[in-house]
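I would like the entire structure built from these sequences, with the hints used as guidance.
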Amino acid sequence: MTASALAHSVPPGLVMLIGALLIPLFRGHIRSAYMLALPVIGLLQLLLLDSGTHLSVQTLGLQLDLLRVDQLSLVFGYIFHIAAFVSVIYALHVNDATQHVSGLTYAGAATGALFAGDLVTLFVYWELTAVTSVFLIFARRTPSAYRAGMRYLVIQVGSGVLLLTGIILHHIDTGSIAFDHLGLGSPATAIILVAFGIKAAFPLLHNWLQDAYPEATVTGTVFLSAFTTKLAIYALTRGYAGTEILVWIGVTMTAFPIFYAVIENDLRRVLAYSLNNQLGFMVTGIGIGTDMAINGTVAHAFSHILYKALLFMSMGAVLHRVGTIKGSELGGLYKSMPWTAAFCIVGAASISAFPLFSGFISKALIITAAAENGYFISWLILLFASAGVFHHSGIKIPYFAFFAHDSGKRCAEAPWNMLVAMGIAAAFCIGIGVYPAPLYEILPFQVDFAPYTPTHVLTQLQLLLFSALAFAVLIRYGVYPPELRSTNLDVDWLYRRLGPTLIKRVVAWIDHSARLLKEDTKGQLKDFVDGVTRHHGPEGAMARTWPTGATVLWVAILLGAFLIASFYA
Amino acid sequence: MIAAHYPALQIALPLIAAPLCVLLRRGTWAWLVTVAVSWTALYVSVQLLLQVLASGPISYELGGWAAPWGIEYRVDSVNAFVLLIVSGISAISAPYAYKSVIHEIPEHQHYLFYSAYLLCLTGLLGIVITGDAFNVFVFLEISSLSSYVLISLGKDRKAVTAAYQYLVMGTIGATFFLIGVGLIYAMTGTLNMADIANRIDQVQNTRTVLAAFAFITVGLGLKLALFPLHLWLPNAYAYAPSVVTVFLAATATKVAIYTMLRFVFTLFGTDFALDVTLLAEFLMALALVGVFAASITAIFQNNIKRMLAYSSVAQVGYMMLGVSFFSVTGLTGGIVHLFNHAMMKGALFMALGAIFFRVGSVHIDRIRGLGKQMPFTMFAFVIGGLSLIGIPLTVGFISKWYLILAALERGWWPIAGLVLLSSLLAIVYVWRVVEVAYFRDPPTNHPKVTEAPLSLLVPTWILVLANIYFGVDTTLTVGVADTAAKVLLGLGQ
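These protein sequence lines are chains Z and V, in that order.
Each residue of the first sequence is one higher than the one before, counting from 1323 in the working numbering.
Each residue of the second sequence is one higher than the one before, counting from 37 in the working numbering.
Don't take every hint at face value.
What follows is a list of derived Cβ distance ranges for each label pair [what the hints assert, rightly or not]:
#, chain 1, residue 1, chain 2, residue 2, range
1, Z, Leu1343, V, Lys191, 32 to 38 Å
2, V, Thr207, Z, Ala1500, 54 to 60 Å
3, Z, Ala1887, V, Gly515, 32 to 38 Å
4, V, Ala40, Z, His1376, 24 to 30 Å
5, Z, Ala1794, V, Leu454, 54 to 60 Å
6, V, Leu501, Z, Ser1373, 45 to 51 Å
7, V, Leu310, Z, His1376, 42 to 48 Å
8, Z, Leu1384, V, Pro489, 38 to 44 Å
9, Z, Leu1343, V, Asp401, 49 to 55 Å
10, V, Pro450, Z, His1415, 47 to 53 Å
11, Z, Leu1343, V, His482, 58 to 64 Å
12, V, His482, Z, His1415, 29 to 35 Å
Honestly, the hints are just simulated from the structure, not real lab data.
Remember, predicted model here, so these are calculated numbers, not experimental data.
Note that beta-carbon positions come from the ideal geometry of N, C-alpha and C, so glycine has one too.
Right under this line is the structure:
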């Protein structure tokens, strides 16, 4: 069998998914080499695939399309492999097979989902990403990480459960499980949209992200930041391009996390909020749905994975060396970690869309598409959000970690493998920003756009400079919101505080009523129950056997109820 | 023509082997006999299933006495499938038993253990294969009495109390069943199932038949641990010897469910159950409440065996939910879950047995750090757990899929929603164990443990791989379950 035929007979993603399971068999350098080889082999496979290929199997009475190759899948496939490769390098120093297996199976499952031609296959991978990735959070081995991981798992699997419900309904409606454009036409596709929306962290469905990512391990967060949400962006692009409501969801997503990000103290959580905001740009692009907007979304996802990973890596390096990532406790680290600081600034410049950095050439596509298609208000919000991004990610992150007031903390520079990983990501950020043509080349549609026109560059620079000015003025006059050692109150309060409190209240109320009832009706009912229990359950020390009495009582109740109900039915 | 006598062989072999074990008086020999008999029984049931699938139901007259007078063994696709489950699980747990029994049971009782085990197998197979209503009761008692003995052999002293409780409750269930059979006999004058099915139409509007129906369903409800009649189950499973838990959890409740299906659908008939009684409504309500109540209880258990026992009660809820739809898809889901649940609980309890073998406890505190110390055992537990949750590519997913399909087919949205919601509860109790095993450091005040021996690992992994294999290739399981559902509803064969 030729290499090409082999590449076409295995669904992409399986290389990493299955290969990762063998990691525990290796030790030391061999393990490192093996882990690095997996994403490389996977990427080689993608390069051999031809657009339009299919691989189908028949099961459960359904035709499953395990492999469907088109340009959209391929772009996401490339970047997922690059991200996996960089994340593996970053994690090389970790001697914990669980984390390595978890990270690579997770990357493999996410890749597999990209090439799923039908919704059921998509669902299988969708759930796999949830189950495999949660170990990256558990592996922090703290009680709060455990609880955050559980919440993450329940929400992620819940998204899969919704997806399955939507798929079944969609199948009943249309008889098809193909994963093509779905649109918002029926309750089924609405449910699927919500399922995608949970993973894409739509407003009000977003909280698992800020909750879980900062709780994961240093290296785990880098993996997490790349795959889950971008898989959702891919799914939305394929299923819901041009669905207008997404424009409004998207712009909301770009705007609201900014306020949270400004007051948040945990710098990795700041990045989680800004991740949310960046997803907003992509969702807006999907909502606009023109060729240019879709290109923008895909390009932005591509560059976003790299610079967000770079930022998480630099903050992870700080956490790794210093042991804390609270803005209020850091500062002045540029002396100890000059390389990390430099890489962080590259990431910050990219996310802020400075000209010559990757964010600029991708975000411009989306904002221009919004302007050209008459979404004036959205366009304004996107501009505001761009300024906000610069403010909290572009300035705040490097400023508080590496500059600001000197915290007096001194530490070693990040380990070499972290520096290499950051270096690769930084090179991509600059490379794409300076020479965007190769990225434009692989986008799903023909690109007819020149990012470096005087208008674009000047508008962007104006925006950035005024935003920087605002930050400088606020800091100078001491009115910048201080980083509080507090937890932001967000919608997760509903299920983390309000829900349990309500349940406690209700239980207390029922308990209270039950007690009242008991006191009031010490008469016949209680005597009857007591009588049956007394006869059939020995008392006193033998209380352990009282379930026998309870069973008899239940048998009697069921038999009686069943007979009476059936007599009169 | 030995093939013609397969139905009798299915029962006769383990029945004869049981006293043989007592005569041999040596644990190892008794074990060898048990393994040989179990595998032969599996071979016979595979042959029976193939015969049934190829040429329709088999009727076997025991001792040459013709049907309504003599006892008839009758095999169709429904019970051929259950025979396969019971003998298959026995064939896999018998090799597993050797080391586990040496570890947990005093040596002078070994041959008695295997003797009781074979009797239990005889009883379970007999309940399934027989075509005679009273004969069901006889085999029910054989299997129950021997399982009381098996449970009481548990290492923990509470095992005796648990077995005693089960004895009292199980006897109540069996008595109810017998009262029901007696009432039917009074009304129809026959005990042969096929004969009863023919005659019951003429008397089906009498209150006696209704009472018989109520007694039988409630009695069997107790045997199959239908919530809230499940109280005997958690302690019995938790304190029994490991291999007994494996065997009973994977077979005993399944056989009781089969019996209920047989009586409700074949004897009384779908029309009677649906039009005259409120069985569907009762089953659905109890199944749903049971799924949630038992799953939530499972979350709070610290003894993992007990946790899985409560999970079994919840899983019985799923099976009964499938039955309560009274549709082909629902019944297919219920029946296929009989098989699938046997696979997943078998694998999980075997993994726990291996842990008990090395650690001496299945308390959640004692499994800290086992992910590193017993990697193969714990990974088996993880996959079994994933299957229990219903993750795609495992058998659990197939079951859930058909249940949800059945609910949506009727347009009962909320029920589909509840099924999906309840799987989230399973995630919590399974992942609680996984987290402790993989992310906590091993307890320092206990000696380091090593991986379980191969004789425990191999059977465990056979079941684990079965969980995956039958989660992908469903031709056998869903195919047979679908035929069985049609047979029960009177639509096929």
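Hints, one by one, checked against the model:
| no. | hint | result |
| --- | --- | --- |
| 1 | Z:Leu1343 <-> V:Lys191: 32 to 38 Å | holds (35 Å) |
| 2 | V:Thr207 <-> Z:Ala1500: 54 to 60 Å | holds (57 Å) |
| 3 | Z:Ala1887 <-> V:Gly515: 32 to 38 Å | holds (37 Å) |
| 4 | V:Ala40 <-> Z:His1376: 24 to 30 Å | violated (50 Å) |
| 5 | Z:Ala1794 <-> V:Leu454: 54 to 60 Å | holds (57 Å) |
| 6 | V:Leu501 <-> Z:Ser1373: 45 to 51 Å | violated (36 Å) |
| 7 | V:Leu310 <-> Z:His1376: 42 to 48 Å | holds (45 Å) |
| 8 | Z:Leu1384 <-> V:Pro489: 38 to 44 Å | holds (42 Å) |
| 9 | Z:Leu1343 <-> V:Asp401: 49 to 55 Å | violated (29 Å) |
| 10 | V:Pro450 <-> Z:His1415: 47 to 53 Å | holds (51 Å) |
| 11 | Z:Leu1343 <-> V:His482: 58 to 64 Å | violated (29 Å) |
| 12 | V:His482 <-> Z:His1415: 29 to 35 Å | holds (31 Å) |
Of the numbered hints given earlier, the model fails hints 4, 6, 9 and 11; all others are met.
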